[in-house]
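If you read the protein sequences in the order shown, they are chains V and H.
According to my numbering, the first sequence is numbered sequentially starting from 720.
According to my numbering, the second sequence is numbered sequentially starting from 479.
No wet-lab data here; the hints were simulated from the structure.
One or more of the hints may lead you astray.
Stated by the list, open to error - Lysine to aspartate or glutamate pairs mimicking DMTMM-like chemistry, simulated, CA-CA at most 25 Å apart: (1) H:Lys738 x H:Asp592; (2) H:Lys616 x V:Glu920; (3) H:Lys665 x V:Glu920; (4) V:Lys786 x V:Asp768; (5) H:Lys715 x V:Asp1062; (6) V:Lys1189 x V:Asp1209; (7) H:Lys616 x V:Asp1175; (8) H:Lys715 x V:Asp1209; (9) H:Lys647 x V:Glu1215; (10) H:Lys616 x V:Glu1197; (11) V:Lys723 x V:Glu1190; (12) H:Lys628 x V:Asp1024; (13) H:Lys715 x V:Asp1024; (14) H:Lys715 x H:Asp666; (15) H:Lys674 x V:Glu920; (16) H:Lys735 x H:Glu580; (17) H:Lys616 x V:Glu1066; (18) V:Lys826 x V:Glu869; (19) V:Lys937 x H:Glu543; (20) H:Lys565 x H:Glu580; (21) H:Lys647 x V:Asp1209; (22) H:Lys565 x H:Glu700.
To be verified - To give an idea of the interface, some chain H residues facing chain V are shown, with a C-beta separation under 7 Å as derived from the structure: (23) Leu544; (24) Cys545; (25) Phe550; (26) Ala557; (27) Val567; (28) Ser602; (29) Val607; (30) Asp610; (31) Gln664; (32) Ile667; (33) Pro695; (34) Ser698; (35) Lys729.
Virtual Cβ for every residue (Gly too), placed ideally from N, Cα, C.
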Amino acid sequence: MKSKLNLDPKVVDSARQHAANVAHDMQKFIERHTTVSTERTILRLLGVDGVDEVDNPLPNVVVDQIKEAGGLPTGAAYWMGNAMVQTGKTPQEIAEEVGAGKLEITKLPTCTQEEAAAAIMPIVKQTLAHIKAQTAKRNEYLATIGEGKEPYLYVIVATGNIYEDVIQAQAAARQGADIIAVIRTTAQSLLDYVPYGPTTEGFGGTYATQENFRIMRKALDEVGEEVGRYIRLCNYSSGMCMPEIAAMGAMERLDVMLNDAIYGILFRDINMQRTLVDQYFSRVIIGYCGIIFNSGEDNYLTTDDAYEAAHTVTASQFINEQFAVLANIPEEQMGLGHAFEMDPSIEDGFLYELAQAQMAREIFPKARLKYMPPTKFMTGNIFRGHVQDALFNLISVWTGQSLQLLGMLTEAIHTPHMQDRYLSIENAQYIFNNARHLGEEVEYKKDGIIQKRAQDVIKKADALLAEIEKEGLFSTIEQGKFGGVKRPKDGGHGLEGVCTKGDNYFNPFIPMMLGGEE
Amino acid sequence: MTTCAAATTQVDLTKVKPYGDTLNDGKVELAFTLPVPYGEEAAETAKQWVQKMGFEEPNVTYYHELCPGYTFFVVYGSATATIDYTKIVVPKVDGEVFDRVECGEWIGENIGRDIVVVGASIESDAHTVGIDAIIQMKGFHGHFGLERFKNVVAYNMGSQVPCEALIAKAKEVNADAILVSQTVTQKDIHIMNLTKMAELMEAEGLRDKMILTCGGPRISHELAQELGYDAGFGPGKYAEHVMSFVMQEVKKRGWEKKAKIEDR
Chain V
720 MKSKLNLDPK VVDSARQHAA NVAHDMQKFI ERHTTVSTER TILRLLGVDG
770 VDEVDNPLPN VVVDQIKEAG GLPTGAAYWM GNAMVQTGKT PQEIAEEVGA
820 GKLEITKLPT CTQEEAAAAI MPIVKQTLAH IKAQTAKRNE YLATIGEGKE
870 PYLYVIVATG NIYEDVIQAQ AAARQGADII AVIRTTAQSL LDYVPYGPTT
920 EGFGGTYATQ ENFRIMRKAL DEVGEEVGRY IRLCNYSSGM CMPEIAAMGA
970 MERLDVMLND AIYGILFRDI NMQRTLVDQY FSRVIIGYCG IIFNSGEDNY
1020 LTTDDAYEAA HTVTASQFIN EQFAVLANIP EEQMGLGHAF EMDPSIEDGF
1070 LYELAQAQMA REIFPKARLK YMPPTKFMTG NIFRGHVQDA LFNLISVWTG
1120 QSLQLLGMLT EAIHTPHMQD RYLSIENAQY IFNNARHLGE EVEYKKDGII
1170 QKRAQDVIKK ADALLAEIEK EGLFSTIEQG KFGGVKRPKD GGHGLEGVCT
1220 KGDNYFNPFI PMMLGGEE
Chain H
479 MTTCAAATTQ VDLTKVKPYG DTLNDGKVEL AFTLPVPYGE EAAETAKQWV
529 QKMGFEEPNV TYYHELCPGY TFFVVYGSAT ATIDYTKIVV PKVDGEVFDR
579 VECGEWIGEN IGRDIVVVGA SIESDAHTVG IDAIIQMKGF HGHFGLERFK
629 NVVAYNMGSQ VPCEALIAKA KEVNADAILV SQTVTQKDIH IMNLTKMAEL
679 MEAEGLRDKM ILTCGGPRIS HELAQELGYD AGFGPGKYAE HVMSFVMQEV
729 KKRGWEKKAK IEDR
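Just need the whole structure built from these sequences, with the hints factored in.
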């Protein structure tokens, strides 16, 4: 496809190569380490679920016991496999005994790594078969009842009560939404465990739990069949439990998950070593089961200036793309993020936003680009806000974005009311339909404002990526190059949950998932 | 102040009501949802409800089914209620408001040392947008943040900061003022968080040794005072408003030579 922005393919290739080198460099670090959340994920995939009598999730109870005994470098897969060999019980039964204080999993006689691996293999295969069946179910729905056109209309529900969320989500689907995201309760990202069971209390959102996933999945399948459109479910594989929530999402057929290689570091002050190791396993799972991940570049623009820092968004998109390549995620599942967040008082701001969105589309032609609405400059003037959202919708359909998180006219006032969602959906449907093929009709003036802006941003992104490659990702983040936020390598939450792998460590899921095995 | 039209001279300020295009027409637009099935009965229900609210001649201009059982309305009506404008009292933050450069100069001339502030979005609130708008160099909407002020040292601790950690930092750096930001207001979580902060300050015996302020999109000076804060900053307030208050308060309290908390 000819570039409408007259982008120099050499600059694009150079930026991508720098990002690939950054990711490869980091991957060496990642492969030497594991984390408590990675190990808990293995247990969850082996069927461990539930809580002990004081509501500690059993995956935490078991991993904590292994960690305290110094057994983490060997990995939970070995200890669980060994316990199966020694006791003849299932992982769930073993975890329950650990939870009841009846068993110390590291104090049993030990078998060889091969024996432990052989013991868990039937369960590994069973889990992978279950996940593949969920993927097949999604594909079957898409083939039979179909789906909405891109840009998909993506809305959030955030009542705090999963049953109330169901009502809001079904209403939104009937109004035309294609994707429902259940916003998590404030502060869940910093919990070092995943809560259990259905939940009805939350602030600014609803807990991500496996049971809540199941409840919402069922509700969306029902309403999808009713409206004749598959309704995608979105949640957050981010924070301290990235891979665990990815695993839950894979098992319960989520379709979209927020998942960014560096978001947690910058915006939740999670330790960078922890996040980078966690993001790898989470992305391997996401790639395997057909979930579209959404990266969080839009957030840089809430702390940094959208006009001046546009190149950091592009640079981060390249980095997120290359980390995803290493996790074997197909381009069609890469929901690289960006946002319409420039100060509306900038002269020609619309042209710069258009340049950025068009550029993202050209650089990542097959990606499922996720476009985020104005939030920072929404004021409580709902009438003006509705117009800002309209301009955002126009750029989206014009430049062929894939996932459109709908702006709400009441942004900055409250979490959306039912009527806010309707007005937003109506706004987007009107503009998407009315301007459907605008992009195919319009070209940009050679060396005009739009072309020059895009060329300038990609050049700066390339330069930034060259610098990151030279200095390394850790050091770049320490210096505050992304989002204007500085984070120390040994600071933040969750560093104590990172450890170096021992010689005999193994995680059976990563090689099998990367190989696409069933 | 200039006024728009001659008609405003005829306004009876003791009996004010909304203005559409004619004085005292009382015109108001309303948009709301009722949990009733879409249909003519729904429209009639909306009309009667608006009437019961005290509006005359309610006119349902638009209604639409949101989903089975819920109907959305746009309704116009003429208000009958009036308010006596001459009796209105709004608590406001005391003192003059200076711009960024003036603040820096004022501090240099009147305080003679740096003013130290520590800010954070506390407890469960993960939003940095408010505290960043006030502290970060870039500020917001063309209003630079405190990091760009002369004679001001500002620490931004970011979001989800426990009250205890914020107080510990304020003690460590001998802060003159603490700036607490709250964005999430669902189920009044901001009230709970702000109250906790004020109570902890009291319990630690620090309440009169530091200036305590809060801000956020749903915070007013009045609410802040009710919760035991010295000042509150809502929408449309920027770094210069916060610093103008803080520096004049430092002067009022005679802390010019009391950079250390133990001296206050």
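These are the hints, each one checked on the structure:
For the proposed pair H:Lys738 and H:Asp592, the alpha carbon gap of about 12 Å is at most 25 Å, so the pair holds. Restraint check for H:Lys616 and V:Glu920: not satisfied, since their Cα atoms lie roughly 37 Å apart, outside the 25 Å limit. With a CA separation close to 10 Å, the supplied pair H:Lys665 and V:Glu920 stays within the 25 Å bound. Between V:Lys786 and V:Asp768, the direct Cα distance comes to roughly 19 Å. Compliance with the 25 Å bound is thereby established for this hinted pair.
At most 25 Å may separate the alpha-carbon atoms for a hinted pair to count; H:Lys715 and V:Asp1062 meet this at roughly 17 Å. With a C-alpha separation of about 20 Å, the suggested pairing of V:Lys1189 with V:Asp1209 holds against the 25 Å cut-off. A distance of roughly 22 Å separates the Cα atoms of H:Lys616 and V:Asp1175; the hinted pair therefore holds under the 25 Å criterion. Between the alpha carbons of H:Lys715 and V:Asp1209 the distance comes to roughly 36 Å, so the proposed pair goes past 25 Å and is violated.
Of the pairs offered as hints, the one joining H:Lys647 and V:Glu1215 holds, with about 23 Å between alpha carbons and a cut-off of 25 Å not exceeded. Annotation: proposed proximity of H:Lys616 to V:Glu1197 holds, straight-line Cα distance about 20 Å (limit 25 Å). With a CA separation close to 33 Å, the supplied pair V:Lys723 and V:Glu1190 exceeds the 25 Å bound. For the hint linking H:Lys628 to V:Asp1024, the alpha-carbon distance of about 22 Å falls within 25 Å, and the restraint holds.
About 19 Å separates the Cα atoms of H:Lys715 and V:Asp1024, which keeps this hinted pair within 25 Å; it holds. Under the criterion of a C-alpha separation no larger than 25 Å, the hint pairing H:Lys715 with H:Asp666 is consistent with the structure, at around 22 Å. Taken as a hint, the H:Lys674 and V:Glu920 pair is honoured in the structure, with Cα atoms around 20 Å apart against an allowance of 25 Å. A C-alpha spacing of about 21 Å is found between H:Lys735 and H:Glu580, which places the hinted pair at or below 25 Å, so the restraint holds.
Of the pairs offered as hints, the one joining H:Lys616 and V:Glu1066 holds, with about 19 Å between alpha carbons and a cut-off of 25 Å not exceeded. For the given pair, V:Lys826 sits about 55 Å from V:Glu869 by alpha-carbon distance, which is inconsistent with the 25 Å threshold. Under the criterion of a C-alpha separation no larger than 25 Å, the hint pairing V:Lys937 with H:Glu543 is consistent with the structure, at around 24 Å. A threshold of 25 Å between alpha carbons decides the hint, and for H:Lys565 with H:Glu580 the separation of about 34 Å lies outside it, so the pair is violated.
For the hint linking H:Lys647 to V:Asp1209, the alpha-carbon distance of about 20 Å falls within 25 Å, and the restraint holds. About 17 Å separates the Cα atoms of H:Lys565 and H:Glu700, which keeps this hinted pair within 25 Å; it holds. Among the interface hints, the one on H:Leu544 holds; its C-beta lies about 5 Å from the nearest C-beta in chain V, closer than the 7 Å criterion. The interface hint given for H:Cys545 holds, since its Cβ lies 4 Å from the closest Cβ of chain V, which is under the 7 Å cut-off.
A hinted interface residue such as H:Phe550 counts as satisfied when its beta carbon comes closer than 7 Å to some beta carbon of chain V; here the least separation is about 5 Å, so the hint holds. For H:Ala557, the suggested interface contact is broken, since its CB lies about 20 Å from the closest CB of chain V, more than 7 Å. Because the smallest distance between the Cβ of H:Val567 and any Cβ of chain V comes to about 23 Å, over 7 Å, the interface hint for this residue is violated. The beta carbon of H:Ser602 is positioned within 7 Å of a beta carbon in chain V (closest approach about 4 Å), and the interface hint is therefore held.
Using the Cβ-Cβ criterion of 7 Å, the hint placing H:Val607 at the interface with chain V is satisfied: the shortest such distance is roughly 6 Å. The beta carbon of H:Asp610 is positioned within 7 Å of a beta carbon in chain V (closest approach about 6 Å), and the interface hint is therefore held. With its C-beta approaching chain V no nearer than about 5 Å, H:Gln664 sits inside the 7 Å limit, and its interface hint holds. Interface hint status for H:Ile667: upheld, as the beta-carbon distance to the closest one in chain V is roughly 5 Å, under 7 Å.
The closest approach between the C-beta of H:Pro695 and any C-beta of chain V is roughly 6 Å, which is under the 7 Å cut-off, so the hint is satisfied. Because the beta carbon of H:Ser698 sits about 13 Å from the nearest beta carbon in chain V, more than 7 Å, this interface hint is broken. Restraint check, H:Lys729 versus chain V: the minimum CB separation of about 33 Å is more than 7 Å; hint violated.
Checked against the numbered hints above, the structure breaks hints 2, 8, 11, 18, 20, 26, 27, 34 and 35 and satisfies the rest.
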